Structure formats: structure tokens, C-alpha cells
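Student: First to last, the protein sequences are chains A and B. By the count of the working numbering, the first sequence reaches residue 457 at its end, each step adding exactly one. By the count of the working numbering, the second sequence reaches residue 252 at its end, each step adding exactly one.
I should point out that these hints are in silico values taken from the structure, not numbers from a laboratory. Each hint should be verified, as a subset may be incorrect.
[Unchecked claim] No farther apart than 16 Å at their CA atoms in a straight line, the calculated lysine to aspartate or glutamate pairs in the EDC-like style are these:
id	chain 1	residue 1	chain 2	residue 2
1	B	224	B	62
2	B	192	B	215
3	A	352	B	59
4	A	349	B	59
Predicted model, so just to flag it, every value in this text is computed and none were measured.
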Amino acid sequence: MGNSYNYIKYIKRVAFSNALDSIISLTILSFGISALVNLFKWLVFSANWSVVSLNLPLYLFGSFPGDQLWRPGLWISLFAIFSFITLWGPRWSWLRKSLPFLWVSYAPLGIFLLAGGFGLSAVESQNWGGLTLTILLTSCSAIVSLPLGIALALGRQSTLPVIKNLSSIYIDTMRSLPLIAVLFFGQLLIPLFLPVGLEINRVSRAIIAFTLFVSAYIAEDVRGGLQSMPKTQKEAGEVLGLHPFQITYLIILPQALRIALPSLTNQAVGLLQNTSLMAILGLVELLGVGRSILANPEFIGRYIEVYIWLAAIYWIVCTVMALIARHLEQQMTLDKKDF
Amino acid sequence: MPPIVKATNLTKSYSKGIFALDNVCISVEPGEVLVVMGPSGSGKSTLIRTFNGLESFDSGQLNILGITLEGHNNDERNIHRIRKRVGMVFQQFNLFPHLSIIENITLAPIKVQKKKKAEAEQNALLLLSQMGIESHARKYPSQLSGGEQQRVAIARALALKPELLLFDEPTSALDPERVNEVLDAMRKLAEQGMSMVVVTHEINFAKEVGDRVLFMDSGKVIETSTPDIFFLNAKHERSRKFLNQIKK
Chain A
119 MGNSYNYIKY
129 IKRVAFSNAL
139 DSIISLTILS
149 FGISALVNLF
159 KWLVFSANWS
169 VVSLNLPLYL
179 FGSFPGDQLW
189 RPGLWISLFA
199 IFSFITLWGP
209 RWSWLRKSLP
219 FLWVSYAPLG
229 IFLLAGGFGL
239 SAVESQNWGG
249 LTLTILLTSC
259 SAIVSLPLGI
269 ALALGRQSTL
279 PVIKNLSSIY
289 IDTMRSLPLI
299 AVLFFGQLLI
309 PLFLPVGLEI
319 NRVSRAIIAF
329 TLFVSAYIAE
339 DVRGGLQSMP
349 KTQKEAGEVL
359 GLHPFQITYL
369 IILPQALRIA
379 LPSLTNQAVG
389 LLQNTSLMAI
399 LGLVELLGVG
409 RSILANPEFI
419 GRYIEVYIWL
429 AAIYWIVCTV
439 MALIARHLEQ
449 QMTLDKKDF
Chain B
5 MPPIVKATNL
15 TKSYSKGIFA
25 LDNVCISVEP
35 GEVLVVMGPS
45 GSGKSTLIRT
55 FNGLESFDSG
65 QLNILGITLE
75 GHNNDERNIH
85 RIRKRVGMVF
95 QQFNLFPHLS
105 IIENITLAPI
115 KVQKKKKAEA
125 EQNALLLLSQ
135 MGIESHARKY
145 PSQLSGGEQQ
155 RVAIARALAL
165 KPELLLFDEP
175 TSALDPERVN
185 EVLDAMRKLA
195 EQGMSMVVVT
205 HEINFAKEVG
215 DRVLFMDSGK
225 VIETSTPDIF
235 FLNAKHERSR
245 KFLNQIKK
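Please model the entire structure based on the sequences and the hints provided.
Tutor: So, in C-alpha cells, the structure goes:
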């Protein structure tokens, strides 16, 4: 009872201490309440969620052949399972130790499950779509651009002028281009550069473009980590007789990546959201599916439902990624103190 | 036996007229403990950092364990050969914070000397127990006090079974009550016959453990004497002035 009394007193002091404050508070309050009431009314009475419920497989898998839906289904479920295992922290150490390997193999596994081969029937990349394609674009680009970005960051610190300048020029060029331009380049120009007879599909071209773009940003994040390393760590490695290469990958990089982890998480979440740009370039990933459903006369005008639904999916996936990243950060610092 | 360190006319200058090392000639005999003293900026650290190639020099000659270094353009392989046989302990410990204590110590034996992990760990535990900190083997550097970290750093240097140990002000970054635990560890090493070059301001250590004291100022060797002579009856005016300063 005393508590609620204090609470009322606190609100009074903060929001209603004088006439002007009271007017402002009441105005904001009335707007807020009316917005909530309207939203609730709309959600319950006006919204027609059939545009979502009737098309669930489309949102998840695009136009993947109906009898093969278990393949993208399994792949998406694995994302949920791996996330769950990572966040809950299993007691079995063999499982914990295999987690990095599981995550690294996730993207190649996705390509195998979607494209087929080795006993699975082949499915053309035109039929990939929905959340599956969004996650595929994100995971494949991320898994390639991380090592590439690290290599570029190390290249930029190299003492060899050729490597140093090439890395710097590449990084600076990519960072001065808008992503959408790089994506257009990927879709329209890459086929022109390839030898006759060699064709790569639109999805691969998109992954190449994302990788080229994101690796430049990752390189800068990693460089930030590298530059914050004191010179004494390198010296300590040198006097132990370690080879320069060993010093980099045993001593400098593990510490630099730890420092760069928060900004790398940012890049990963940004990458996932940026894959929605591919909707403009003709891939039916999550946003593309939404747009094509809206073009169906049956669901015409159901914009708000579709976009709220898409926002919810993006929110869930991004939140899971952020949670995993935070978990990783905590583990890396806790390791040093929890004994 | 030939000296394990022999420097002849070692010279290094930063810019016009300022010498970090000015015609330094010294030698260190096997099993000897040479204490290097001098005011800050006198070139003590620069001198011992040339011994394992962390610092280059302009002219003169340096012979470490039979391997000769010339001023510039040294063969990287020669420097590497020296580093495998010479250990170094830094003022700021410079442990690897992302590795546990035992990993810090076994890193070089496994990666440089290609020892088996079990063998390297066994040796590391032995060294840690000699240093009196075997219970910390699985902890991380940030969980240890400064004195403990420095003893780990000594164990890390010893793990490669060096023929010469260099100490660059090993106790200057420690809390006063932690200084002795490190000095005791060094004293034990000296008793076991380890050849050591120690840059330090610890007079008592120099007196009790040092075989000779080298006094430097502005890059020059001012005098080299036994501790008895240096601390009671320094030959050189500059040395006496310095000793008066630090005794205050």
C-alpha cells in the first residue's frame, strides 16, 4: 500500500507538478490512449489476417515445390534449434564444443538442402524464397565476408605496400558506394564479366554482392580491434620466438575480434535487414513474398496486415541474433573471471 | 668459456646528437648476474632490448650466444635463433589475457619447440610450483595480482629453457609489498646458475644477487664494478651522485 502511494506521488511530482506540465502530460496521455484503442480496434475488428494465415508456407519457403517443403522446413528449424542450444548452454561439453562447427556448417548445409544434389532432387534457385531465402542470403554472405573482412583488415596493416594499398583502396571504394548500387552491379554486371557458358544464378550473384560490400565494413570493425591492441602483446610473442603469422592468429586476432564483436553483431543484423533490398531486384525473399502476395487480386489492399506481419518476423529473427551475440560477449568476458 | 653476451662499440642515435647507446662495450659471462642501473632515459632498456633484436642499433657489433648481429640488415633467422635461446621478462608482465596461465606458459613450447601438449603442461606445472603459484594454473591473468602475474611471466620465459634471461625493470610496476616475491624468485634462479641481465632500481637485489653492476648515463657505460665497490666506493662521480639520489 505504501508502495502504490509512493508511485502516485512520484507521478504527481514528475508529470503534474504545475499547470503547464499537467497540460502536456494530459495531451500526450490522451493521444497515446486513443492510438492504443484504435490499434486494438483495428487489430481485432477490422484487420483480416487471412492474408497471413492462408499464405504461411509462402512467407516461410516461397514457391519451393510442395512435396519438398521438408527441406527448407528442416533448415529453418535447425536455426531455431541451434539458437536454443546456444542460448540455454547445454551441460554436455561435447555439444558446447561442437556449437561453433554447427554454426559454421549452417550456411553450406542450407545451400545443400535447398539446391539438392547428393540424392536430393534439384530445385532451381528461382523457387527459393521467403524467410528461407532471407536467412540463406544472410548466413552465406556472413560466413564468407567474415574471413574476407579479417584478411582485408590484416592486409591494410601489412608492411608490404602492394597489399596495404590494394586493401585500402578496396575498403575505401566499397565504403563510398551505396549498397543498392553494389547489388545492381551484382545482378547486371557480374554476368557480363563471366566467360561465355559459365552462368551463376541470381541468388549467388546477390550473395557475392553482399559479401563484397559487407567485408569492407567488417574489415574496418576488425581494424578498430587490431589498433586497440598494445604493441607489447606483439613483443611478448616475439621474444618467445613465435613466428609473425603465429603472433597474429594466436595472440592478436583472438583479442582483436573480442573487441570488435559488438560492431560485428551490428553488421550481421544490418546485413539481415539489408537483404530486403533484393525485393527490388527481383528476388522473392521475405519482403518480396509480401509484395507479390499484395499483388494478388484476392488480397488487394491488405498492406497493413502484411507489413505488420513482416515486421514481426524480422523483429523475431533480429532479436534472436542480438541475444546470441550478447550471450557470446558475456561468455568471452566471463571466461576470465568465473572460476 | 666464451662470454654469452659481447657488445663492441654498440651505438644507436635517435636524432642529431642524442644517443640512446654511445659506444657501449660490455660482456656477460655464463652464469653471471649483471645488474644494469642508471637514471631513466640512460639507455638501459634500449641496451637489453638489442640483445634479443627488439631494438636495432646503428653501428658496432653484438654477439649473443655465438650468434653475431650487425647494426641494420640483420638476417631475421639469426634474430629468431637468438630469441629461441634468450628469455625476457617485461615491466608490465605482458601476459596474454585471453589465455589461461598454463596456456600462456605452454604456448611457445608447443608452437615453437613443437613439444607435445601433455609434456609441455607437465613442465609448466613444475615451473609454476617452483614459482609457488601452481594453484593458479587454470586461472586467467586478470584474476592474479601483479606479483603473481610477474612470476607467471618468469615461468613463461623459463619454459623455453633459455640460456640467458633478460629482465626489463621486473618490479617497477608492482605494489611495494609484492616486490619481494618476484625478487625471491629471481634470486633462486641466480642460485641455480642462470645467466641474467637485470635492469632494476632495487639496490638490495643488486647487492645480494648481482655479480657485477653496470651503471649507464646518456647512453654511455659510466662504470662496471662489483656491487661491493659500486655501492660503497663508486669509482665515478656520476655514479655516486645517482646513488645519493636514489638512497634519499
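Student: Holds or violated: are the alpha carbons of residue 352 (chain A) and residue 59 (chain B) at most 16 Å from each other?
Tutor: Roughly 14 Å between the alpha carbons, so the hint for residue 352 (chain A) and residue 59 (chain B) holds.
Student: Residue 192 (chain B) and residue 215 (chain B) were given as a pair; does the straight-line alpha-carbon distance stay at or below 16 Å?
Tutor: holds, 14 Å
Student: Next pair to validate is residue 349 (chain A) with residue 59 (chain B); report whether the Cα-Cα distance is within 16 Å.
Tutor: holds, 13 Å
Student: For the pair we were handed, residue 224 (chain B) and residue 62 (chain B), check the Cα-Cα distance against 16 Å.
Tutor: holds, 15 Å
Hint check: no violations occur; every hint is consistent with the structure.
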